[in-house]
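Engineer: The residues making up each chain are set out below.
Protein chains: 2
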Amino acid sequence: MLMEEKTNITEAEWEVMRVVWSLHQATSKEISGVLQTKKNWKEATVKTLIGRLVKKGMLNAKPDGKRYLYTATINETDSVNAVTNGLFDFICNKERGKTIANMISEATLSHDDIKLLEQTLAEKKKEAVDEVECNCAPGQCKCNSHRHGHHH
Amino acid sequence: MLMEEKTNITEAEWEVMRVVWSLHQATSKEISGVLQTKKNWKEATVKTLIGRLVKKGMLNAKPDGKRYLYTATINETDSVNAVTNGLFDFICNKERGKTIANMISEATLSHDDIKLLEQTLAEKKKEAVDEVECNCAPGQCKCNSHRHGHHH
DNA sequence: TTTTTTCGTTTACATATGTAAACTTAACTC
DNA sequence: GAGTTAAGTTTACATATGTAAACGAAAAAA
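Protein chains in written order, with my numbering: chain D, 1 to 152; chain U, 1 to 152.
No wet-lab data here; the hints were simulated from the structure.
Mixed in with the good hints there might be a few duds.
Below, in silico cross-link-like pairs of lysine-lysine (DSBU-like), each with a Cα-Cα straight-line distance of 30 Å or less [what the hints assert, rightly or not]:
| id | chain 1 | residue 1 | chain 2 | residue 2 |
| --- | --- | --- | --- | --- |
| 1 | U | Lys29 | D | Lys94 |
| 2 | D | Lys98 | D | Lys124 |
| 3 | D | Lys115 | U | Lys142 |
| 4 | U | Lys94 | D | Lys47 |
| 5 | U | Lys56 | U | Lys66 |
| 6 | U | Lys142 | U | Lys126 |
Note that the coordinates shown come from a computational prediction; the quantities given were computed from them, not determined experimentally.
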């Protein structure tokens, strides 16, 4: 359901996006207020970031008198998922399970979260495979080291 | 178990690290070979990346005649976990469960992976909380929007 | 021992990013 | 209507990153 477009948002820009996602619609002033408090950024800094986000098409600027009302053109959940899934481009497919397991153990989860994960996992179980295919370039993962031999 | 040190490895550098992790020990030539194939990078490019990684202390260069044998000073699994967990600095704690659920549904998992995740989850279940605390700065997450009121 | 090859080190350079100040213009205040 | 605000737009500038070519020294080859 999520589009795989290159969501190129930098860390600093992400801070701005979060404010907009949170407020649904925000003025530069409001965004600056939040980030002045959280990051101690000057108004000018936030203005620059907003400008870049508008240029990148991540924020929409609706005129409202002399100023603009900013809204996000991308959904927060989708963006988060895009980023998290993008992460796996840098990891061997075989490692995903362990990596996700680590995230689970590191996280604080609610009973509801557990329930959701259990369901998701149960669902996934149906289509589990015997062995995940390594997707690494040869030489970038141990799987490729011993190719046409016996597996350990 | 993972140290939270600023593992500042860029995307390009990460490619190099993967080769070294894979080979355990590698020469510049070997690394170049892999990345010449995968990324079409010139030897000079790889040399630059190696140099930067050595300077950053992520690679160790052991002299071997006129050249060096490079080894990683950081463990791959730890690095992967550091990166993935670092991701959550940009997301509300309340969203972790859903985000992880999404990763699970997006991934291809083996029966063993499922088993591992089930265990991890079961373990986590013991310390599940009723409600995860929002950790966002005020104004960066809906949780903070309606503070001293009733929750929806 | 010249020549050539092989490594690593320096230098290069464009674009990206973090952080802002300066500038411009329209709106509000006196 | 002139001065002060409040917004957005331009310009600035250092450091980071992606990508390499140029350079220098040591090792291997001729």
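Engineer: All hints are to be evaluated individually against the structure, with a verdict given for each.
Structural biologist: Now the hints, each set against the structure:
1. U:Lys29 with D:Lys94: Distance ~27 Å between Lys29 of chain U and Lys94 of chain D Cα, so the pair holds.
2. D:Lys98 with D:Lys124: holds (15 Å)
3. D:Lys115 with U:Lys142: Between Lys115 of chain D and Lys142 of chain U the Cα gap is close to 23 Å, so the pair holds against 30 Å.
4. U:Lys94 with D:Lys47: With Cα atoms ~29 Å apart, Lys94 of chain U and Lys47 of chain D stay inside 30 Å; holds.
5. U:Lys56 with U:Lys66: holds (22 Å)
6. U:Lys142 with U:Lys126: Judged against 30 Å, a Cα distance of about 28 Å means the pair holds.
In summary, this structure violates none of the numbered hints.
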